[in-house]
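In the order they appear, the protein sequences are chains A and B. Counted the way numbering that gives the first Met the number 0 counts, the first sequence spans residues 0 to 256. Counted the way numbering that gives the first Met the number 0 counts, the second sequence spans residues 0 to 136.
Cross-link-like lysine to aspartate or glutamate pairs, in silico, DMTMM-like; alpha carbons within 20 Å at most:
#, chain 1, residue 1, chain 2, residue 2
1, A, Lys134, B, Asp71
2, B, Lys120, A, Asp168
3, B, Lys37, B, Asp96
If you are wondering where the hints come from, they were derived from the structure by calculation, not from laboratory data.
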Amino acid sequence: MTMRRRSFLKLAGLGLAGASTAPVAEALVRGTTEAGKNASQGKRWAMVIDEKKCLTRGGCDACVKACHRAHNVPALADPRHEVKWVWKEQFENVFPDRVTPYTPAAMKERPTLVLCNHCDNPPCVRVCPTQSTWKRADGIVMMDMHRCIGCRYCVVACPYGSRSFNFEDPRPGIQGEPTDYPTRTKGVVEKCTFCTERLAAGQRPLCVEACEGIGCGALTFGDLGDPASPVSALLRANDVARRKPELGTSPHVFYLL
Amino acid sequence: MHDTGKIVLGLGVFGVLVTGPLWYGIGRGKGAPPELPKPANAKQCIEPTAFMRARHMELLNEWRDAVVRNADRVYVATDGQHHEMSLTGTCLRCHEDQDKFCNKCHLYAGVETFCWDCHQKKKGKPTLSARLGGGTP
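Please build the complete structure, drawing on both the sequences and the hints.
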């Protein structure tokens with residue numbers, strides 16, 4: 000039997016297709032991500048800082064240490080290169096509108112705990128050109144270090160100074176053995192994330208647990224969407240302060256002064 | 000056609016120059032793709048080897064976006080197994096040392112990665128997620 004050109008080409012084409020499908024199919028399979036299973040859905044995370052309880056411990060920095068240790072936040076020698084997620088600031092700088100010419104120095108200088116306020120209307124998010132910082136549905140202002148190009152618009156936009164820029168490689172400045180939490184690299188901006196990695200596992204932020212761990216309990220964390228949560232109860236029962244409310248950012252770190 | 004000899008010679012020199020790096024590599028014993036050590040604690044990667052070899056970078060990018068942007072942390076593999084989407088927590092659990100696994104091929108292929116600028120070597124002691132009981136990015 001003689002084979003015609005047309006039928007030869009058809010057969011050859013079929014043969015080629017058959018030979019190539021097996022490896023291609025194997026390289027094309029893929030699983031899926033289980034979407035919408037995260038623990039933060041339908042929530043609005045917030046924190047309440049009880050100043051009086053915090054002050055009873057004087058210069059305590061258990062929360063700062065716990066946070067910076069777990070998140071590999073470096074302690075750098077040059078103060079201009081400082082990187083901070085949570086730290087203490089003088090009261091007059093935290094609440095400038097609450098200081099009068101008659102406020103005693105002791106009151107002006109009292110150490111006040113500050114961190115990212117996870118605003119409802121975050122100016123840092125609005126200015127980010129790469130959307131590497133954005134607001135999650137649960138209220139957390141999150142950072143994607145993979146996308147940050149280090150332009151520092153957010154650092155300038157944040158009215159609370161909550162953001163730090165990595166002017167140098169942070170790794171040499173990490174105190175002690177680093178944890179498995181990814182370090183940052185030179186040229187990105189970082190800040191507090193309300194411990195999203197812990198929230199995903201159903202835990203509260205590390206600073207809150209550290210504060211409780213030393214028996215102080217000045218920090219309360221919870222979901223404002225839940226009327227039964229401890230933060231909701233505190234906000235109902237107390238006169239609370241927020242930093243620079245006149246700017247309209249609606250911070251979600253509240254202070255009992 | 001008086002220059003056949005010169006043309007053939009020229010083509011020959013050109014061929015040797017162009018394929019030179021290949022011969023040099025083979026001569027130095029660098030021709031073969033690197034041998035990767037098989038993890039001691041697992042027989043099978045989360046997806047078939049052919050897929051992982053060809054498209055691990057896409058998978059990692061997908062994982063990165065899912066975890067960081069959408070807070071979704073669970074990957075359902077084609078065999079139905081559930082895995083935490085975590086470079087340090089899942090990949091490095093078997094491929095313990097990136098110098099002996101990732102970097103071997105990447106050096107061979109001349110493809111630079113910047114994963115390790117931030118992500119770190121797996122520690123010998125319990126991980127952050129184990130110590131905190133939480134997930135590790």
